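> Residue numbers (our numbering), protein chains in the order written: chain A, 930 to 1283; chain B, 930 to 1283; chain C, 930 to 1283; chain D, 930 to 1283; chain E, 930 to 1283.
Think of the hints as simulated: they come from the structure by calculation, not from any bench.
It is possible that part of the hints are untrue.
Identical chains share a label here; the pair holds if one copy fits it or two copies do between them.
What the hints assert, rightly or not - Here are the computed lysine-lysine pairs in the BS3-like style, where the Cα-Cα straight-line distance is at most 30 Å: (1) 1090 to 1007; (2) 1177 to 1007; (3) 974 to 1074; (4) 1097 to 1007; (5) 1090 to 1074; (6) 1074 to 1097; (7) 1095 to 1177; (8) 958 to 974; (9) 988 to 1030; (10) 1177 to 1088; (11) 988 to 958; (12) 1050 to 1134; (13) 1030 to 1074.
Owing to the predicted nature of the structure, the values given are computational and were not obtained by experimental measurement.
Chain residues, written in single-letter form:
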Amino acid sequence: MLKLFRKAARKVGLPPGTLVQVEEKKAEKVRISLIDYDEAQFQEKEVETVEECFPFKDKPSVTWINIDGVHQVEVIEKIGAHFGIHPLILEDIMHTVQRPKIEDFEDYIFVVVKMIYYDDKINDIEAEQLSIILGPNFVISFQEKEGDIFNPIRDRIRKAKGRIRKMKPDYLAHALLDTIVDHYFIVLEKLGEKIEGMEEELVTKPTPETLQSIHTLKRELIFLRKSIWPLREVISVLERGESSLIHKSTVIYLRDVYDHTIQVIDTVETFRDMVSGMLDIYLSSMSNKMNEVMKVLTIIATIFMPLTFLAGLYGMNFKHMPELELPWGYPGLLVLMIVVGLAMVAYFRNKKWL
Amino acid sequence: MLKLFRKAARKVGLPPGTLVQVEEKKAEKVRISLIDYDEAQFQEKEVETVEECFPFKDKPSVTWINIDGVHQVEVIEKIGAHFGIHPLILEDIMHTVQRPKIEDFEDYIFVVVKMIYYDDKINDIEAEQLSIILGPNFVISFQEKEGDIFNPIRDRIRKAKGRIRKMKPDYLAHALLDTIVDHYFIVLEKLGEKIEGMEEELVTKPTPETLQSIHTLKRELIFLRKSIWPLREVISVLERGESSLIHKSTVIYLRDVYDHTIQVIDTVETFRDMVSGMLDIYLSSMSNKMNEVMKVLTIIATIFMPLTFLAGLYGMNFKHMPELELPWGYPGLLVLMIVVGLAMVAYFRNKKWL
Amino acid sequence: MLKLFRKAARKVGLPPGTLVQVEEKKAEKVRISLIDYDEAQFQEKEVETVEECFPFKDKPSVTWINIDGVHQVEVIEKIGAHFGIHPLILEDIMHTVQRPKIEDFEDYIFVVVKMIYYDDKINDIEAEQLSIILGPNFVISFQEKEGDIFNPIRDRIRKAKGRIRKMKPDYLAHALLDTIVDHYFIVLEKLGEKIEGMEEELVTKPTPETLQSIHTLKRELIFLRKSIWPLREVISVLERGESSLIHKSTVIYLRDVYDHTIQVIDTVETFRDMVSGMLDIYLSSMSNKMNEVMKVLTIIATIFMPLTFLAGLYGMNFKHMPELELPWGYPGLLVLMIVVGLAMVAYFRNKKWL
Amino acid sequence: MLKLFRKAARKVGLPPGTLVQVEEKKAEKVRISLIDYDEAQFQEKEVETVEECFPFKDKPSVTWINIDGVHQVEVIEKIGAHFGIHPLILEDIMHTVQRPKIEDFEDYIFVVVKMIYYDDKINDIEAEQLSIILGPNFVISFQEKEGDIFNPIRDRIRKAKGRIRKMKPDYLAHALLDTIVDHYFIVLEKLGEKIEGMEEELVTKPTPETLQSIHTLKRELIFLRKSIWPLREVISVLERGESSLIHKSTVIYLRDVYDHTIQVIDTVETFRDMVSGMLDIYLSSMSNKMNEVMKVLTIIATIFMPLTFLAGLYGMNFKHMPELELPWGYPGLLVLMIVVGLAMVAYFRNKKWL
Amino acid sequence: MLKLFRKAARKVGLPPGTLVQVEEKKAEKVRISLIDYDEAQFQEKEVETVEECFPFKDKPSVTWINIDGVHQVEVIEKIGAHFGIHPLILEDIMHTVQRPKIEDFEDYIFVVVKMIYYDDKINDIEAEQLSIILGPNFVISFQEKEGDIFNPIRDRIRKAKGRIRKMKPDYLAHALLDTIVDHYFIVLEKLGEKIEGMEEELVTKPTPETLQSIHTLKRELIFLRKSIWPLREVISVLERGESSLIHKSTVIYLRDVYDHTIQVIDTVETFRDMVSGMLDIYLSSMSNKMNEVMKVLTIIATIFMPLTFLAGLYGMNFKHMPELELPWGYPGLLVLMIVVGLAMVAYFRNKKWL
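Work out the full structure: start from the sequences and follow the hints.
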């Protein structure tokens, strides 16, 4: 995750608005898909060149252009020129280390957020930048990589499920954001499972790896927090409905999404509280274990040191020392020693110290 | 409690407003009870089908429909259709993981809060979602499970105790919320007893279990805090009396409830301070105990190590070593060793290390 | 102090405004004293029945009715009825677990605060609820128990000291609040002495009891904080002088009281900082002591273990071992051992470990 | 410093505005000095009786009356009467435990702040209360003790350095406050040196005294914080220039002082962060040292315990035990033991444990 | 870095606006470079005397005067006199310990910020004060030392890259601030690498030096925080565009810079969270190591103490003690001892304790 904090340093000295793809290429080719719909009709196609999308700009129906891959400067530039997007915004789209934010340019709204998913392979949270441009009758979305996260929305458009076909592009933008927020819940569910697992581990047998896991979890929560708080602001601005691009009928749906982000924030904060509580528990149980170890040492030393001293004392040459019968002679002694040694080893195995 | 953080992940991809019961069924059957009253008359019945409630919608008297169980989609849908409730609200009612909130739709107010009670069987706090719809002359309340928490209110209506029969449905909604907040006090009392018990335990004999209890308590307080702060907001919105559904005469009663939530918050925060103080005490007393253990070890080692060395040194073959009389010979030695050994064991038993 | 958090749970299910004395009786009898004064005249009497106070309601002079004991429902009810106090306020007066607050009912102002004093017998802070009703020409004050805290004010009225006889009842209410805040300073002085004593103890010889005292102090400060912050709000509302019952000439005196509450808050926060610093010191000095203990152990063990091994090694049967002269024989050995043993014991006594 | 928290408790029960000197006398005699100036003329004198100042009240030139010592009730009372100062303000002047504050009485402004200096003798921060009354053409300043802190300002007036002689009394008041804030920087410089010294000490050899110093520093910073935050408020109120006594040309100078207080606050907060970091370092290095000590002990014990056991085992009577040549006999053994013992002592001296 | 907190104390007692260079000289000579440009023409020169710049004041083209070195009072004074800068501002320019701030004097805006770079030689962050005066058609920038940080901007002007030549001086001021903020990213990248390195170190082998590095990092972050927060305020004031010197077309570029400062702040806060997490990890792993050490000690002691006692016990003179064959005699014993000793040393080497 740390890499996210570094990329911003690459462009020092360039004039603002210069389009440079700071990332190594992420997808081989930029993939552009286009969906155009209104209540009556529906049209979907994979376009080869960006110019194919241009005629849709002025059609009254809702047009959704989704672009997977933001590394080709010429594609971004052409779209920017045709749809009248400010160069600084084009720069933000390509420079995929933005903090979630919203900018309202009256004739279009620019929204950039973080798409979060849990990558089971690397067992960590992955983030991707999603930029949305909401115009009067179009939505353009830019994803860093190809992904199928929006397929359920495409399906709802195709099958005219729910009210999406009857609504304006602001509802489509809402649907995209709703999906993003829903994915936070999936990640939280994953983290919740991790926390539960760790709590059990803490009680049964805490190891240094537990500490490592707590630390990782803490960092994941810091990361989530860093994305979700500004996302909340973004949605709060939209939900206030001050732009003419947001229709009154969509506001209640945006408020619903807003409530969900609040719930995400609540859960993240609760998780943080719980994780920091786990660290306390860990440290205390370390301290407990140490205490136990020291008690064993002290008991053994306190019993055997004086005895050994006494044995040593009597080992000197006293006069008239009567001789005692040694119970079973040396064999007995050796057997006794082996028994004592094995008992000790068994004791420590039992305590999981060996 | 953790399960609460997870359920929200189940609905990803569905259009908003889709009614799906996310929980496993909680009550076998949905139970609907209806009370209709004004100052002059009173009527109470258990209804079989939801349609029986519909005629009451337009009666001038106050109608209270209480629904136990929110898992049957068709019941919720029918009520929603008849009383004109927005689909998103119906979704919130069925999706029992809401954060407490209030939404004002001019012709009705929707309130969702957490009902808290202490389950002695599992020795933990249980929470249940309560949704309230306050209309111009009706109150509809949705509980997750059957419960008798509102029986005192029913009783007050039946017996015309206090001013409830003379007031409008906003007073009934206030009475429901008042009961909810009162139950927070009962839970706090329980936690207060726990804290008191634990403080004593901390002083007399702290064990690793004490730490576990502190941790549990901390989580319970985090949980309470998470429910009570938004509840405060909800009541604060109502108490401002901006909706035409809230009458001026009810506002002072809502302010009373508001004061109670502030008191709950105050107490929760105080408990949090106390519990985190207990953790400090616990760690310090661990450290104290370790110190004591180490002192015993050090004293014993420091006295007997030099002595043993001296005994060993003198055990070598010195010239002209005179022989001393051994006081009571080997029997004396053995008795002495046994006495010393037993004294040590008694000492550690006394310190509760054994 | 914990008991304060629990009493609120007793009334669940009753309609609001029901008067029930939740506390066990505190004073055997309710004691009512009445003072009536203006610049020209002064009258003071102990009244037997509450009805004796009623004629004073409409006299133009200032009337101060002080009621010690709030457990008799009928007394509170009669006053409420005669002076036109809202039932919820009467309930607040009797239910002595209120959070400090102010409510402005235009024709009277209701103020409830915590009176704090340090009880030397139990060596802890005690709190009592004081309710004040400020009307256009009367002040009614309710104390939980008999007390002489307001005697200096009575004296100022009797002897016409200062400007109290020339002022309206708002000045009298101010004088009551001023006295309350002054008592916070006395408690703070007490705590300041405790802290100073503890700081010395921390430096000279910290014991587990020191930790207990730090913890107690911390709780006392949490408690003070819980009472003084809302008291500040109460006085701040009064000092804004928005009510017609507060005259302009009194506002500057209320600001003076307000400044004092700020000073109390400042001091409480400083004490909290200091106490939490003391906990750090305590833990560090524990750690220091442990370190010292371990060093002694390590030094002793590191010197004598190799020596003992060498002595043991040479104790074996070497060939041609020449015999050395033992300086003073066994008596010398025994004397040497006793000297070493006593020196060690003296050393640990000196370190206060024994 | 703790004494500051206690003095306020002395006056309980007196009517507000009663002048009582709460402190033991601080200066033997009250010393009054007077400077009167405008752009053209300048006059300075030491006055014997307070009445000598009175004629200056209505002169158009700027008059600065500086009073060292606030313990003589009659002096304060006379000034109060002549210059029309409210009794509560006179009380605040004499009661030298005020929190910095400002009060605007239209015809004069009252400011009370803390003058801070570092007393090298007691090696601690000392504070003194400075009260300023700014009238339309006079400034009266009250210091607790005689001091020469304002001599540079007197000098600027005498020599007409800078613009002070051309400006109104508000500029003089600004100059006094500026001097006060400058003295905070001197104290901060002192603390900065302490911190630097301590950081070095922490790295080279931390001792329990280091902990004590950290604690003292922490308390000094708490103390500074307590004085500087309200001072910031005071200057912020002045700098807003809402009073007619503050001229527009002075506002920019007040803003300059305001910037300085912000810098003081910044530095105090940074120091606090650093000091609390030092505590962490201290605890960690304690823990490190303990670790090292324990390792030495464990290594020694782990090597010699088995060896000693083996030596003891072979010390028993085995059959046909061949006799070995002892290298240099007992002298060799004794020399070896002494060498080992001295080496160990040297090792611990090197580690600074002895 | 600490030195920054001290310099402010040097000027106590001087009237405000007195120009004194508080720092030891930083550059041998003051270096003044001048660039004058508009869309059509471009002129650049190194000036010898400050007077050469004066004619440019009233030219309609944009003039950028950059001054390296602020230690020569006469240079600063001459510029101040000619361009009409307030003496307090000149003082701020020379007194290079300012907190970042902005002051708007209608006909010019004064901005002072911290320029941050990472000095690889001393392996620490270095800061330098940059003061900017933005007039209607000029920008004057003051750097403490000569530096080439602004060369890319000079290049953009020379080669007419981007829109800089077409814009007003406010765009130039924006470009300077943009460069400053970009350098924060470079420093953050450096710190990010440090953190990553340290995280690995923490996992593989934490040493006391790690602790020292964590502490240094913490201080660097405190330092960054102290500069970036007020920088954010500065840019936020500019971006609001309330001054007539800021043109509407520049505001969007300033908002871009503002977004970058937010990103810097975000990253600094995240780093702080991570670093404080690392301290926890460090302490825990210390505790873990101690635990391990103690376990080894306890296991060894618990096994060998009883055995040694038994060996000592049997070493006494028992009757009829049969003699056992010693396996390989003393050579065997010595070999066994050496093997055991070496095995132990190898074990501790393996654990990195030796």
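> Out of the numbered hints, which ones does the structure contradict?
No numbers; nothing is violated.
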